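Asker: Chain residues, written in single-letter form:
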Amino acid sequence: MNRYDSIIVGAGHNGLVCAAYLAKAGQKVLVLEASAEPGGLAATREFYPGFMSSVAHSISSFSSKVIEDLQLQSHGLNLSGRTMDTIGMGLDGKHVVIGDEMVSGVSPEDARSYVELRRQLKRFAKALASFWMKTMPRIGNNSPGELMTFAQLGLKLRLLGKEDLLEFMRMATLPMRDLMDENFDDKVLKAALSWDGLAGSRLAPRSPNSPVFAMLFKMFEASGGMHAIPAGGIAGLVNALVGAATVAGAELRLNTAVERITVVGDESGLRVTGVELAGGEVIEASRVISCADPKRTFLKLLGGANLEIEFANRINRLRTEGLVAKLHLALSAEPKFTGMGRANNRMIIAPTMDSIEFAFDDAKYGGCPEVPVMEVLVPSMQDPTLAPAGQHVLSANVMYVPAELRGGWTDEAKSNLLQRLLVQLEQYAPGISAQVIHAELLTPHDLEQTHNVTGGHWHHTEFAVDQLLMMRPTYEAAQYSAPVPGLYLCGAGSHPGGGLVGAPGHNAAREILK
Amino acid sequence: MNTEDRFAGERLRESPFHPRQSALNLREAWSSWNGYKFADYYYDAEYEYFCIRNTCGTYDITPMQKYEISGPDAEAMLNRMVTRDVSKLGINRVTYVCWCTDEGRMIDDGTIFRLADDRFMLTCGSPSVAWLRKSVLGFDQVTVRDVTDETAALSLQGPTSCTVLQQMGLEDIATLKPFGIAHFPFHGGSLMVSRTGFTGDLGYELWVTPELALTLWDVLYAAGENYGIHPYGETATNMARLEAGFIMPDMEFNEALKTVHFEHDHTPYELSLGWLVDFKKPHFNGRKALLAEKQQGPHYTLVKLDIEGNKVADGSWLYSDKACRKKIGYVTSAMWSPSAKANIALAMIETPRLNGSVWAEIYYEKELRYYEKVARCEIKDQPFWAPARARQTPPPPF
Ligand SMILES: Cc1cc2nc3c(=O)[nH]c(=O)nc-3n(C[C@H](O)[C@H](O)[C@H](O)COP(=O)(O)OP(=O)(O)OC[C@H]3O[C@@H](n4cnc5c(N)ncnc54)[C@H](O)[C@@H]3O)c2cc1C
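Protein sequences, first through last, are from chains A and B. Residue 1 is where the first sequence starts when you use my numbering, and the numbers rise one by one after that. Residue 515 is where the second sequence starts when you use my numbering, and the numbers rise one by one after that.
Bear in mind the hints are in silico, worked out from the structure with no lab data behind them. Do not rely on the hints blindly, as some may be mistaken.
What the hints assert, rightly or not - Listed below are the simulated DSS-like cross-link pairs for lysine-lysine, each with C-alpha atoms no more than 25 Å apart in a straight line:
#, chain 1, residue 1, chain 2, residue 2
1, B, Lys802, A, Lys300
2, A, Lys134, A, Lys24
3, B, Lys841, B, Lys894
4, A, Lys300, B, Lys841
5, A, Lys514, B, Lys802
6, A, Lys364, A, Lys414
7, A, Lys28, A, Lys122
Being a predicted model, the structure only gives us computed values, none of them experimental.
Could you put the whole structure together from the sequences, leaning on the hints where they help?
Answerer: Below, the structure is given as structure tokens:
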């Protein structure tokens, strides 16, 4: 009989990372993916004949340990290309160009402050770096091993020196707005720099909580959070992961949705036995590891009835409403942005922090932003195979678009939003509307359908202090294992969180192989 | 003049039996239970207690919380919530249950009535809507309805109770077994009778819609006239239940959802209710924690004490030695038991100390002077009051 050591639900990048580690360790592994392509939110899909794109469109800090452990380079991953600058787009064609070591297009004071703040943030990011690849201690568990994780972190922070440590403590939960106002004058710079602290979360510049943390999380690798697109596009990463997993012996089945995680119960309690597929096929395994989001995993696939009451209710109240929509444009020619050469960097269309705040204000009451803000890439500049020769793909992460729109996501509501987006883009790239052959707009509500992620949430569940670290996704599931024996989590809803990082997949595999 | 009652929403509500009960409440001794006006006693608590033990009495359980749980998933939902196996409960049978938090701390105890394959009534002392709402997550086909206000219920307890019901015309009532339920047509509606109660004696609970409440009262009191029927209140209930060894919230246990301090609540094992926990069931709330508790043994264990002398050990500390050097527990409820002719108590004792000697440090009062006494205690296995008639079917005729 076909019995597996591990079944992984979902071939998101984390599922693939986990599969590769387990297969390398000798396990018989089966990865089941509902979609036609592997990669989850990083999957490259054809959104219009001849035009391809992935939802996640750039990488800021994929784990170098995972690259090394899984020898992803030998499977074709090449991240050595140039990192992109982040460009704060000025309406007048005067842009702020943010690089790793310097910023241009701003006053000398701001430029100096940037260098200083950047160095400081890098020091903090370095102190935190190993933390993301660790399993969080269990709440209430005072075992020395688990507490060491915190002791080590404490030590790392202590080694920053007193001044840095105090500053870190002060900054940790600061709103982006305050951090930016303290350091800079330039409005465009402030807005563009705050983007990485906000993107993917239910936070705007004036929100205290986790933005600084989110920013540091995105900076944990040597690139210091500078975004890049691997050779061959995001598919370059996904293909390397598929390669690493399958060469190690893992099987991957696409177009195979798991209907439920099966359990049996006897006098020793409940335990997971495998999965049942949408067609009724049952596959057994010693354990099931879910890369699907925690809410879907526990409440849809396992079923709340198989959980304890308070735990099930904690999962039910996880904050999973996504606020980032995806815009894909198939363009007939290379888009031209005012005041810029080729559009091969990462462009932030948000002229001020207020513009970001106001877009959030609209969304938080269930409305669509009057003036959306967005992060724009033209991925086909780096990877020409994404579009027919001479033509291009534009990919934008749009904030803040509610998963549940007041009045519902009617066709009209969607086309209104699309119009607003095109109006915005047209201001920075006059003539671009005329180049549009096809537009695909995926609201968080759509992403839930297309990518099987609850609320279409970037991090599967909100990346905020109430749902971080040993509270991610909630206590009693924060060490990758679930309350029901045989079930594990390995996706973005687990520590440390989402983005193309690979850390949850890595950490889950380590726990399983312990 | 404005005659509207500004405090209308704050006033205690009156049970459907209130018109009759207030006429009999000679002492106006009212307190409240779940927002209902509720008698502590009517005339004299001791007298009412003796009615329960020697004739019969009625106790208004309308304020007790009642929930109808119905639908194809009702059994599964309850079975996950409570520690006992509800799937074994037959139709028209009642079972005593408790339910716990994920950590195995007891939230409340109560009874489950199985009225049909897919319909149950859960009764308990405190409002539980919030917990029930949480408990239905994951069960699609179950409806929970608070039926407290649509049900008038009266407990009829005591040796003459069966005879009174027979006098009332419920002929087959003698064949009803303990924890059984019977239904009778009643004045255009229906009367549900369960052989249940909180006194440890022969007794029944009577359930009707509120419109029939006064009719029920009148018919019952007419039938009971020569059988010493009398209403009793909270004080007599508390005496009877203590003799029977039943636990009371806010006395023996704190409801887990209401405690603030860590582990100031209890597990069923601490309350000697381990027999309610059925590990043959693969899944129920708190199972993992309760298994650990069972294996380690509870920190405290609730026991019945027979205390030498006649000084009531209310609120006493317990020690392992007469010199009161080593504290090992505390008394939760105590009384002089007129029926057992014994000085009795329920007490929490550190589990490892159960086999040693137990001494109670008793403070008592005589005409405003306080005295202290250390009395030897004996741990008892059996309830102080458990007459055979409580279990016999048919019960012995009176
Ligand atoms: C609009 C948007 C833009 C983003 N942009 C970026 C970006 O530019 N850079 C970046 O680093 N991050 C970005 N992110 C975040 C990033 O994409 C995610 O955090 C990350 O991809 C999550 O990876 P994962 O492997 O944990 O889960 P996912 O990629 O979500 O994978 C989960 C997989 O499980 C599958 N699945 C679910 N249920 C079942 C089932 N029942 N049976 C079978 N399969 C199932 C799904 O189909 C999916 O393939 C973005 C997110 C969004 C929403």
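Asker: Check each numbered hint from earlier against the structure, then list the numbers of those it violates in ascending order.
Answerer: Going through the list in order, the structure violates hints 4, 7 and respects the others.
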